Amino acid sequence: MTDLREAAIVAGNRIPFARSGTAYARASNLDMLTAALDGLVARTGLAGETLGEVAGGAVLKHARDFNLVREAVLASALADDTPAFDIQKACDTSLEATVAVANKIRVGQIDAGIGCGVDTTSDAPVAVNDDLRKVLLQAQAAAGPGDYVKLLGQLRPSQLAPEVPRNEEASTGLSMGEHQAITTAEWNIPRDAQDELALASHQHMAAAWERGFFDDLVTPYLGLARDNNLRPDSSMEKLAGLKPVFGDRDTGTMTAGNSTPLTDGAAAVLLATPEWAADHGLSVLARFVDAESSAVDYVHGHEGLLMAPVYAVPRLLARHGLTLQDFDLYEIHEAFAATVLSTLAAWEDEEFSRERLGLDAPLGAIDRERLNVAGSSLAAGHPFAATGARIVATAAALLAERDDWEHGGRALVSVCAAGGNGLVAIIEK
Amino acid sequence: MSDLYTRIATHDLGERVIDLVGLPKPAVLRRHEPGQAPLDGPVLVGGTGELASVARDVLGGVGLDVHHEPADPEDTPRYAGLVFDASDLATSGDLVALHDFFHTLVRRLGASGRIVVLGRPPATSENAAAETAQRSLEGFTRSLGKEMRAGGTVNLVEVAPGAASGLAAPLRFLMSGRSAFVAGQRLTVSAPSTGATPDLVRPHADTVAVVTGAARGIGEAIARTLARDGATVVCVDLPSAGDDLARVANDIGGSALQLDITDEDAGATIVDHVATRHGHADLVVHNAGVTRDKTMAGMDQQRWDMVLAINLTAIESINAVLLDGDVLGAAPRIVCVSSMSGIAGNRGQTNYATSKAGVIGHVAALADDMAAHDGTINAVAPGFIETEMTAQMPVATRQVGRMLNSLSQGGLPIDVAETIGFLGWSDADGINGTTLRVCGQNLLGA
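If you read the protein sequences in the order shown, they are chains A and B. Going by my numbering, the letters in the first sequence line up with residues 574 to 1002, in that order. Going by my numbering, the letters in the second sequence line up with residues 1204 to 1649, in that order.
Don't read these hints as lab results, they were simulated from the structure. Errors might be hidden in some of the hints.
Stated by the list, open to error - So the derived list for chain A, only partly shown, Cβ under 10 Å to chain B, looks like this: (1) N586; (2) L613; (3) T792; (4) L795; (5) H853; (6) L855.
As the structure is a prediction and not an experimental result, all values here were calculated from the model. Where a beta carbon is used, it is the ideal one built from N, C-alpha and C, also for glycine.
Full structure from sequences and hints, please.
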């Protein structure tokens, strides 16, 4: 195999994230993704440019959006001959898209590309009832009036109930929150620890907004200039007052305050070879070094739905001869505060590390001062497919801010996903 | 895009009604379109001074049919422009030459016609009589400007002795559709030009420009106009205006820089962006500005501070960083946007007028520093310009605002943009430290 090239992270852009049914209630995935791409193009001055590839996707997707990313490219300021493809991997969608683009760059197939993702729960696809759908499909094959009469006889009022997308696992019928509640109880994650993590996320993100950190990462959209889920004035008292929404309604610890809400938004990240970046007058924020995916068997109760990254990280560390402590920043997606805390607890647990991860010693604790320092999904919200690109751009921009990192500027990215999937990555300055 | 009154006044029936009641008649101004000739017809250059021959060369050089003597009205009934070199008028008695030239010719000026009178800065005259005569020219041009019909303009260009080569850029500008809303002004060429004549079709080709407040209004027009003329434009505006900014930047193939110009490190951020992306900047346009109107007694300090910080202090800070660094190009141009309010004052705008008058002082004060960088710094002072801001004014106030000038209409953002573009031309280096009004010869502060 030829030597791999570097995949530089050059720029990121997202639209502010909006709670479901608010600022982007009337925006489609195509609208939002186009806006995110256009903001990225404007920031980088790449209008009319042909890129090697744009990869991305959405989790909640209308059937008509089968070529969503390519359509967004056509609607954007990028050259119309920029190829694009859709992928879908739940909450890992845009991180996996970024891996795909980075890999294409590294093996020399393309010089520059964009990883992106978008999701809306406001403009979610609503399908016809499965029974009705079958009748309608048969109607297409009907040969004459007799057939139609026969089919009419099959129609029932109950078939009018639409199929609405549900935030639940196909294999278990449990929602993501219900799954996490099981894991939270297993790891005995206390309520106040979850609330503290949620509060820190809001405070970190509010501070990052205040100091202008997002000026080069976000472009306003439809009158929204900042994430509207952000609660800069949140407090432990306010969070403590919320009732549990997952798990046991009395003894549960997971509330609307320490769980991510349904969110609309889009994010994109531009990657390129350092040479391409220099040719286009763009500076390099960081390098996309490597990634590792994993999955867990949550169906049969062996592992928690959102615990897959716990397994991917030691494998990625081993490949690079690193320890968990060799990082300056940790970007762990906050699906729920308890997800982050369960992940950290598992890495510190000797028995778990030995029996589940097959390690002689646990990975150990991380310096919590380095965790999600510009806030994460609890504050910003979590438009499923957009989150990975948001995190990659945030981590790269954070690393680019300083030159005096203890480990030279290295960040660990970890994003859990529905289906028991997980994807983790290393980004270095 | 003209206002309702202009559309009525230029309509058959509307025109008859307006004639009947004696209201002013705004003309549809001839504005520059890429590819068109500077003017629609021949021009006549009169006078016996040394500037007349320079003017003939300049205007001939842009493809105009230049006459030295009035042509037979049978052959040439209309002139698109008249230039009169009055620089050699040395006594009050000599001034009758103005009457001799314009008395009959002014009637032969076509629609959106151009008159430019050339003189000397009075203070550079050799004696009292000459200084008196040269000072007289301003009264003449301002009055003739008010007699113009059909979109015609009259301007005075004073050329310092030895600075004749600096006349080319202002003359090309004033004798074209680019100067549609510049009327009744006196412009001083204080130094000869050492810059090359720019490409006439794309005068900003291969240059890099920075425009603040580029997301909408006049700033958007500036960015689009500079890009039309060949510049690569860095579009700067507040992060909260980022969506409009991205649209403008992508439309013109520029880049968007979301930035609050009052940030402490705003100058450094601009320098860093320009240095990384383009290496240098040839033209910086300080357009970003706000109004927070209140009469003095009712104005809280917040309104005062905000307007001064954005409209004046930020410009000073950013220019200090630019002059200190090495990001400015070989012949840099800085153009600041002042306002007619800064000249005439305006009720309820003590904060705004203070800041905009300060801008006039700032460009005058920095002229020598910029000259030391082989560059220039100037300001434009827009009068009533049709923008989202003026669209918010009460109907009557708005209509009066439009009418209070020799062209009887509001200007358009592109009129300001074209003027800024001209001050950025490579051979406009004879003009430095000045403020040029883009006001249609507004009565206020004239």
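Here's how the hints hold up against the structure:
no.: 1; hint: N586; result: 9 Å, holds
no.: 2; hint: L613; result: 9 Å, holds
no.: 3; hint: T792; result: 4 Å, holds
no.: 4; hint: L795; result: 8 Å, holds
no.: 5; hint: H853; result: 8 Å, holds
no.: 6; hint: L855; result: 7 Å, holds
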